[in-house]
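Fit chain B with the ligand to the supplied structure of chain A, relying on the hints for placement.
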Amino acid sequence: MNFGLTDEQEMIVSTVRSFVENEIYPHEDLVERTGEVPKEIADEIRRKTLELGFYACNFPEEVGGAGLSHVDFALVERELGRGSMALNHFFGRPQNILMACEGAQKERYLLPAVRGEKMDALAMTEPDAGSDVRGMKCFAKRDGGDWVVNGTKHFISGADHADFIIVFIATGEDDTPKGPKKRITAFLVDRGTPGFTIRHGYNSVSHRGYKNMVLEFDDCRLPDAQVLGEVDGGFAVMNEWLYATRITVATMSVGRARRVFDYAVSYAAERKQFGQPIGKFQGVSFQLADMITEIDAADWLTLASAWRLDQGLPANREIASAKLYASEMLARVTDAAIQIHGGMGLMDDLPLARFWRDARVERIWDGTSEIQRHIISRDLLRPLGA
Amino acid sequence: MKVLVPVKRVIDYNVKVRVKADSSGVDLANVKMSMNPFDEIAVEQAIRLKEAGQADEIVIVSIGVEKAQETIRTALAMGADRGILVKAVDNVETDVEPLAVAKILAKIVEEEGPGLVLCGKQAIDNDMNATGQMLAALLGWAQGTFASKLAIEGDHASVTREVDGGLQTIKVKMPAVVTVDLRLNEPRYASLPNIMKAKKKPLDVKTPEDYGVDVSPRLTVVSVKEPPARKAGVKVADVAELVDKLKNEAGVI
Ligand SMILES: Cc1cc2nc3c(=O)[nH]c(=O)nc-3n(C[C@H](O)[C@H](O)[C@H](O)COP(=O)(O)OP(=O)(O)OC[C@H]3O[C@@H](n4cnc5c(N)ncnc54)[C@H](O)[C@@H]3O)c2cc1C
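Residue numbers (the working numbering), protein chains in the order written: chain A, 1 to 386; chain B, 1 to 253.
This is chain A alone, in the form it adopts within the complex (with noise of 0.2 angstroms):
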């Protein structure tokens, strides 16, 4: 067993590292007091991430990615995990899901997204069906060849930015002994499809300027060459792909547990009260203490949980736990560092006051705790017919 990284992972760690700090730090607080990030920016960072050969990198060599393995793909993603999410996601990483397009969608889809040309999103999410996915409304009736799609998507992160999105949509209903279950289909919705419209959804306390978006479908008619996979082979894909999603939610709250515990530590150092630095004080210093070994945890897990897939063993249950006690951990980091920072934390001077707020969301999208502690113990009592 090695837990230190190779010459190659400590070069990609400290690279992407001073790019946050240089490409992304520095506009975070325009991008915070606008909710918006300028296009020069966002073209700015797309640029250089192609000329780094960053674009992409999650992505197999074949298909012009840089074909790092999961642990390497971890660890640049912990790295843009210390940046806003609204900039890095010019750092692009396309949906790995794409990685599932046939054919002619190879050239129209997957290898431009890999360029940089053209950006994805993913939607699965409605008003009436979140954590319930096969609950959702959304749906595709055969009309010819074609398929004609009518309802809603919301929370589509990302879909202002898209050229094209990955959407779920049922296409089919089964009758079971449990009762009437969807059958879902992926499709390649183009932005600009008749009967497709990206409107602006709602404001988040989350991560300002990196939007999410409602999608309507009314009366969309749509060919079988923007299926993704097979016709109702919606939730397969879904599981081959989606567990990228889930570590990325890992890796990023670590890699910000990290950036936020260093303002903590440096402020317990330096502010005085009573006459000594307040880190003196055990009330603060075992607040640290407890912070460091939970980011360490959560590390750990979720870099094992990459290393399992790069074994080819099963990760479901370990990308969950990963999942969920990364973004918890957050949540309990970042309220801790406004603690220890008193009122100058809640001031939108430091950037705490953000982090916490960031934080909020990690332990609900891409599945909720609650989800994710369904998936880890149906993991372990199914099993046992429980």
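Take these hints with a grain of salt, some might be off.
[Claimed, not checked] Derived BS3-like pairs (lysine-lysine); straight-line CA-CA distance at most 30 angstroms: (1) B:K16 <-> A:K118; (2) A:K48 <-> B:K50; (3) B:K199 <-> A:K280; (4) A:K48 <-> B:K200; (5) B:K16 <-> A:K272; (6) B:K20 <-> A:K280; (7) B:K231 <-> A:K272; (8) B:K20 <-> A:K48; (9) A:K106 <-> B:K197; (10) B:K225 <-> A:K48; (11) A:K272 <-> B:K20; (12) A:K48 <-> B:K231.
Quick caveat, the hints were computed from the structure, so don't treat them as lab data.
Same frame as chain A, now just chain B with the ligand:
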């Protein structure tokens, strides 16, 4: 033309240095080490010369502990071609002094025959600002120090130097030793493909004995101290009080 770039592994410039309790030096246990920032600028300049077709090979040399290999790999990941590690000490706390470094470099220059040696103007750990100058003297080569601009013009190099109160441009005959200053360029990030390639680039490991150089220290560090803590300022009521204090307390006007 071959360009030789010596690089030093030093305490990272972001690390808050701590002086050891016994005043013998700076605490280097478990602190982040990186390439000396001035050396990074030298590496960047060498790569730019190569990209401009004025250099065809960039050789990186580091003299120090085994771990200095990482520093060489970083330079290789930026785009240099190969490396030479001279394993001169086992303990990071033992600094190899400028003269010993310059002597080893002189031998390597004899072997490699570069047309240009690009050094950082100084290492940020002990600020000696001596190695490049000593190397030029040992080789009998021309030297241009504190370069903020460098142009190769045939068998000469034009070096713009940052001197007190302005810029001085000199012409030096090649081969030459040029030491670089902060404003020469902005070093690039290592690209991912180059990071992946760096491992496959050749890296020779040598010892000072291979070059017949004695690296034992000649300097004795008497003591290392923290700079005195800055005292808090005072508030003055008005200009008159300020002028009075400057005159009578500080004695500066
Ligand atoms: C900012 C933001 C961006 C998002 N981006 C995207 C995106 O790009 N694409 C996308 O498809 N979705 C996206 N989502 C949606 C996100 O994945 C969902 O919000 C999430 O899955 C939860 O669904 P819900 O909000 O409808 O909550 P609900 O599912 O209604 O849950 C409400 C509460 O009930 C609990 N609950 C539900 N079912 C169970 C159960 N079986 N057992 C125990 N507790 C349960 C939940 O844990 C939660 O606490 C985004 C969400 C946000 C907030």
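Hints and how they fare:
no., hint, result
1, B:K16 <-> A:K118, "violated (43 angstroms)"
2, A:K48 <-> B:K50, "holds (21 angstroms)"
3, B:K199 <-> A:K280, "violated (45 angstroms)"
4, A:K48 <-> B:K200, "holds (25 angstroms)"
5, B:K16 <-> A:K272, "holds (19 angstroms)"
6, B:K20 <-> A:K280, "holds (20 angstroms)"
7, B:K231 <-> A:K272, "holds (15 angstroms)"
8, B:K20 <-> A:K48, "violated (41 angstroms)"
9, A:K106 <-> B:K197, "holds (28 angstroms)"
10, B:K225 <-> A:K48, "violated (42 angstroms)"
11, A:K272 <-> B:K20, "holds (24 angstroms)"
12, A:K48 <-> B:K231, "violated (44 angstroms)"
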